[in-house]
Amino acid sequence: MDETVAERIKTDITSNDVVLYMKGTPAFPQCGFSAAVANVLNHMGVEYKGVDVLVDAAIRQGIKEFTNWPTIPQLYVKGEFVGGCDIVREMYTSGELQQLLAEKGVTSAAQA
Amino acid sequence: MTYAERIRTKLTGALAPVRLSIVDDSHRHAGHAGHDARGETHFDVTVVSAVFAGKSRVARQRLVYEILSAELSERIHALALRTLTPEEDG
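For the protein sequence lines, the chains are A and B, in the order given. Following this note's numbering, the numbering of the first sequence begins with 1 at its first residue and continues without gaps. Following this note's numbering, the numbering of the second sequence begins with 1001 at its first residue and continues without gaps.
Quick caveat, the hints were computed from the structure, so don't treat them as lab data. Warning: the hint list may mix true and false statements.
Claimed, not checked - Pairs of lysine to aspartate or glutamate, DMTMM-like flavour, derived with a Cα cap of 20 Å:
id	chain 1	residue 1	chain 2	residue 2
1	A	Lys64	B	Glu1066
2	A	Lys23	A	Asp52
3	A	Lys64	B	Asp1024
4	A	Lys64	B	Glu1088
5	B	Lys1010	B	Glu1040
6	B	Lys1055	A	Glu80
7	A	Lys23	A	Glu96
8	B	Lys1055	A	Asp17
9	B	Lys1055	A	Glu96
10	B	Lys1055	B	Asp1025
Said to hold, decoys possible - Part of the chain B face toward chain A, derived, beta carbon under 8 Å:
id	residue
11	Arg1062
12	Leu1063
13	Ala1078
14	Arg1082
The C-beta atom is built at its ideal place from N, Cα and C for all residues, glycine as well.
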């Protein structure tokens, strides 16, 4: 992977509390799995940065190598990889996602 | 061998699952990006294995992705995964 790609990813995930690497945008997801994660975050009222991998081939490939995870979407909270669609949905259903965000000091509308 | 059979063979060999469910969801994605006219692009897989005990969700899925890396790079576009220990499957 190009070092500048890794640097861009590092900058994104450290300068934003919550980052979602996805296909499409939060308003217009282009894939059901990305839409599912965006819906969870929207529903919780969490502010996040969406990175559309479809408009950037270097990031699309780079994030897979960076995370060692072969699929999109990928959710990062405070610089740490949380998971893809299955994991985020499971954690939301069990309440672990809400707990993780609270522990990390990320506010969501549900708590406010 | 179909991709469903390859998934079954590889996961059975590597994880000795007590329960393994493989559902080909490809028809639901016809015409969608990543769809392949040959089918077998989208799978919904549930694996119940003692190997997952003590591993995080991320570690469990990484393990499955590694076992199926050839299939993922060749054809499979999406793999919905549930990875459970026998206790969690209860």
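Evaluation of the provided hints:
1. Annotation: proposed proximity of Lys64(A) to Glu1066(B) holds, straight-line Cα distance about 13 Å (limit 20 Å).
2. Taken as a hint, the Lys23(A) and Asp52(A) pair is honoured in the structure, with Cα atoms around 5 Å apart against an allowance of 20 Å.
3. Restraint check: the Cα-Cα separation between Lys64(A) and Asp1024(B) comes to about 24 Å, which exceeds 20 Å; the hinted pair is violated.
4. Proposed proximity of Lys64(A) and Glu1088(B) is contradicted: the alpha carbons are some 29 Å apart, above 20 Å.
5. A hinted pair counts as satisfied when its Cα atoms are at most 20 Å apart, and Lys1010(B) with Glu1040(B) qualifies at roughly 16 Å.
6. Taking the CA atoms of Lys1055(B) and Glu80(A), the gap is near 17 Å; set against the 20 Å cutoff, the hint holds.
7. Using a Cα cut-off of 20 Å, the hinted pair Lys23(A) and Glu96(A) is violated, with the two alpha carbons roughly 25 Å apart.
8. The suggested pairing of Lys1055(B) with Asp17(A) is violated, with an alpha-carbon distance near 25 Å, which exceeds 20 Å.
9. Taken as a hint, the Lys1055(B) and Glu96(A) pair is honoured in the structure, with Cα atoms around 16 Å apart against an allowance of 20 Å.
10. Note on Lys1055(B) and Asp1025(B): the hinted pairing is violated, with a Cα-Cα distance of about 27 Å set against a maximum of 20 Å.
11. The interface hint given for Arg1062(B) is met, as the beta carbon of that residue sits about 7 Å from the closest beta carbon of chain A, less than 8 Å.
12. Interface restraint check for Leu1063(B): the shortest CB-CB distance to chain A comes to about 11 Å, outside 8 Å, so the restraint is violated.
13. The restraint placing Ala1078(B) at the interface with chain A holds, with a minimum CB-CB distance near 7 Å, inside the 8 Å limit.
14. The interface hint given for Arg1082(B) holds, since its Cβ lies 7 Å from the closest Cβ of chain A, which is under the 8 Å cut-off.
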